[in-house]
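There are 2 protein chains.
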Amino acid sequence: MAYEFYYWPSIQGRGEFVRLALEEAGADYIDIARNSVDVGSGEEALMAFLERDDISHPPFAPPFLKDGNVLIGQTAAILLYLGDRHELAPRDEAKRLWVHQIQLTIADLVGEAHDTHHPLSGDLYYEDQKPEAQRRAKSFREERIPKFLGWLERILARNPEGAGQLVGSVLTYADLSLFQVVEGLVYAFPRRMRRTLREVPRLAALHQAIAQRPRIRAYLNSDRRIAFNEQGIFRHYPELDG
Amino acid sequence: MAYEFYYWPSIQGRGEFVRLALEEAGADYIDIARNSVDVGSGEEALMAFLERDDISHPPFAPPFLKDGNVLIGQTAAILLYLGDRHELAPRDEAKRLWVHQIQLTIADLVGEAHDTHHPLSGDLYYEDQKPEAQRRAKSFREERIPKFLGWLERILARNPEGAGQLVGSVLTYADLSLFQVVEGLVYAFPRRMRRTLREVPRLAALHQAIAQRPRIRAYLNSDRRIAFNEQGIFRHYPELDG
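Chains P and D are the protein sequences, given in the same order.
In short: position in the first sequence from 1, add 1062, done, that's our numbering.
In short: position in the second sequence from 1, add 1062, done, that's our numbering.
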């Protein structure tokens, strides 16, 4: 039975980390809200699901994944589940948990990237918090991006099985998520990232290598891949770059 | 062999979610930075560990837990590990993942609570971002607290095995984390929470029940429990309450 995947139909957002894992796995899945006749009805389908009162494990927010009777929310929890089922995580317990730990740290980076354009509230428009966004983005660019990417570079350098992947000797969902977060940062902060990527050569190489994997390349070239835009988590506002 | 637990020695912070699980489990653990001769040397021990270059799984930040050769960072990942070892999570896979999903959502709430006093940057003092903090706190109080606590209340109401715990019929680490996040919110936003807790009776009852568990009560009354203060995640700034 195909997985049912639920996420906003017009942005990559957090859902993209799940989409990439499903695509790399070659899994059979239906992107529910994108399969509706238009974006509006896709969002309605999503909201209607969240408001059902007959679900014992209601997700707090999209993305969530339905696999038969199992319903899972929270990006990192979905990836933990998919990792086991599609050989996108090691079987060894300590390594499996290490992949998850890396994923959770990438999730923190994604949250901070979001808050650069919404430092005061997700309920206000960006236009209503621009000066604050500039201050937050400065700190993010100068302190946080180097700290997070430097940490990922260090992990690659220290992997006893080589810097071709974050953990062990084969691809994991954390590598796919590394690709996606770098894609997002390059989209949102192109000037800063051009300089930063020179400092983290292993990370830059892994980012490139993931883009060349056959299934990922096919996905990126398909119309299933939504383009980055200014409704998503990673937004290109030139005034926030530097 | 005792667990070695690493976290800032003078705040509850994210580490407290781990401390509560260790205490409820009756686990043998050493709170490394608190066992140093003074707070300053405890922090130094922590930083020195993070800067070691011989660790293949370096944590990004505290808290982290060392169990023999296994080193785990990220609060939710540590709890996933401890949950399995100390019967603080169900064995059934779907329920085990559901507990983890709840924990990750509580972690999001904790992150947002932190950002009420640091909306622009963790590198600036609160005093340098007070007007912004007031705007962010308003949105947090009025939109986010009710949304998160309402979701937890709904989970309790829908648990087929009763509202005495979030998942299944026995205590999990998610229940302990619910206790802690409510404690923190009551400390930081007492006026708001007095009103809000009336709207979520099951959650309020579970919060009370956890405080009465023998090991938790003993812990809360011990000097191992650090008092809330204005260096932690949950800070009481009256101007942010309302």
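By construction, these hints were calculated from the structure, which means they are not laboratory data.
Errors might be hidden in some of the hints.
For chains that are exact copies, the list does not tell them apart, and a pair is met inside one copy or across any two.
[Claimed, not checked] When the alpha-carbon atoms are kept at most 20 Å apart in a straight line, the in silico EDC-like pairs for lysine to aspartate or glutamate are as follows:
id, residue 1, residue 2
1, Lys1200, Asp1100
2, Lys1200, Glu1223
3, Lys1192, Asp1090
4, Lys1157, Asp1115
5, Lys1200, Glu1189
6, Lys1209, Asp1146
7, Lys1128, Glu1301
8, Lys1200, Asp1190
9, Lys1209, Glu1292
10, Lys1157, Glu1292
11, Lys1128, Asp1146
ask   = Failing hints, ascending?
value = 1, 2, 3, 6, 7, 9, 10
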